[in-house]
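A.B. asks: Work out the full structure, taking the sequences as your base and the hints as a guide.
Residues per chain are reported as follows:
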Amino acid sequence: DQQVKQNSPSLSVQEGRISILNCDYTNSMFDYFLWYKKYPAEGPTFLISISSIKDKNEDGRFTVFLNKSAKHLSLHIVPSQPGDSAVYFCAASARTDSWGKLQFGAGTQVVVTP
Amino acid sequence: DTGVSQDPRHKITKRGQNVTFRCDPISEHNRLYWYRQTLGQGPEFLTYFQNEAQLEKSRLLSDRFSAERPKGSFSTLEIQRTEQGDSAMYLCASSYGTGGTPGRLFFGEGSRLTVL
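Top to bottom, those sequences are chains A and B.
Heads up, the first sequence is in our numbering, so the first residue is 1 and it goes up one at a time.
Heads up, the second sequence is in our numbering, so the first residue is 1001 and it goes up one at a time.
Hint data in this document are derived by calculation from the structure and do not stem from the laboratory.
Keep in mind the model is a prediction, meaning the values are calculated, not measured.
Take these hints with a grain of salt, some might be off.
If you only want the chain A side, here are some residues facing chain B, beta carbon under 10 angstroms, derived [to be verified]:
| no. | residue |
| --- | --- |
| 1 | Val4 |
| 2 | Tyr32 |
| 3 | Gly43 |
| 4 | Ser93 |
| 5 | Ala106 |
Within a straight-line C-alpha distance of at most 25 angstroms, the following computed DMTMM-like cross-link-like pairs (lysine to aspartate or glutamate) qualify [to be verified]:
| no. | chain 1 | residue 1 | chain 2 | residue 2 |
| --- | --- | --- | --- | --- |
| 6 | B | Lys1057 | A | Asp31 |
| 7 | B | Lys1011 | A | Glu42 |
| 8 | A | Lys101 | B | Asp1086 |
| 9 | A | Lys68 | B | Glu1044 |
| 10 | A | Lys101 | B | Asp1024 |
| 11 | A | Lys5 | B | Glu1044 |
| 12 | A | Lys5 | B | Glu1109 |
| 13 | A | Lys37 | B | Asp1024 |
| 14 | A | Lys37 | B | Glu1044 |
| 15 | A | Lys101 | B | Glu1044 |
| 16 | A | Lys37 | B | Glu1109 |
| 17 | A | Lys71 | B | Glu1044 |
| 18 | A | Lys101 | B | Glu1068 |
| 19 | A | Lys101 | B | Glu1028 |
| 20 | B | Lys1057 | B | Glu1028 |
| 21 | A | Lys37 | B | Asp1007 |
| 22 | A | Lys101 | B | Asp1007 |
| 23 | A | Lys101 | B | Glu1109 |
| 24 | A | Lys101 | B | Glu1056 |
| 25 | A | Lys37 | B | Glu1028 |
| 26 | A | Lys101 | B | Asp1063 |
| 27 | B | Lys1057 | A | Asp1 |
| 28 | B | Lys1071 | A | Asp97 |
| 29 | A | Lys5 | A | Asp55 |
| 30 | A | Lys5 | B | Asp1086 |
| 31 | A | Lys5 | B | Glu1056 |
| 32 | B | Lys1011 | B | Glu1078 |
| 33 | B | Lys1057 | A | Asp97 |
| 34 | A | Lys101 | B | Glu1052 |
| 35 | A | Lys101 | B | Glu1078 |
Idealized CB from N, CA, C, for every residue including glycine.
C.D. replies: Have a look at this one:
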C-alpha cells in the first residue's frame, strides 16, 4: 500500500519562477515529513523537513507547508534555478518506527528551463 | 571523501547466481539502512541496523536476502539465487542513532543490480 503519494511525475518551470511540489499521505501516525532531492547517478540527499506539530518550515529558497487535516504537504522553491532540476521525493516517518524507516513517494521530476 | 560508499556500483549477473553488495557508512553513524529502488518508484525500506544488531526487516526482504553488519561498521547485503525481479538500485544510508534531524539519512550512490 502506497502511504505516501506524489501524483505529479513531472514539473516544468521557468527559471526565476516558483516550483510547487505536492505530496499526500494516508497514515495518520506519520509525525515527521521530509523532502529529498536526487540527481542522476547519485543517492538522494536531504533537503528540508517538517515536524507534524508545525505547519511551515523555511530554509532559504525552500519552504515546506504541512496541512495535517488534509494529510497534504507541499514544497515551494522560490526562485527556481537550473541547478534545482532533479527528482524530488517526499518521505514520511513515524516515531513508533525507527526514524530512518521512511516511506517515500514515487518522486517528481523537476525541470527548470532558462 | 567521508560519505557513504557502496560497492560495486553496477553488477550484472545471470538468474540464479548469488550477488553481494557492500556499504561503508559514515564512521560516526551507528544506524545503517538498506533500501531498494525500482524504476519510477521511490526507495523502499528493506532493513536497518543499530550498531551490529539488525533491528527490523521488511516483508520485502525474502529469505533469499540476507544482510549483516559485523562489528557495527560496514554492512553487506547478499541476494541468493537472483531473479529478474531483483533488478533494482540498492541504496545504503546511515544516520546518527539519536540527535540530528529525525529521518535525515545520508545515502550512498547505490549499487545497481541487473539480472539477465
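A.B. asks: Hint numbers the structure violates, sorted upward?
C.D. replies: Going through the list in order, the structure violates no hint and respects every one.
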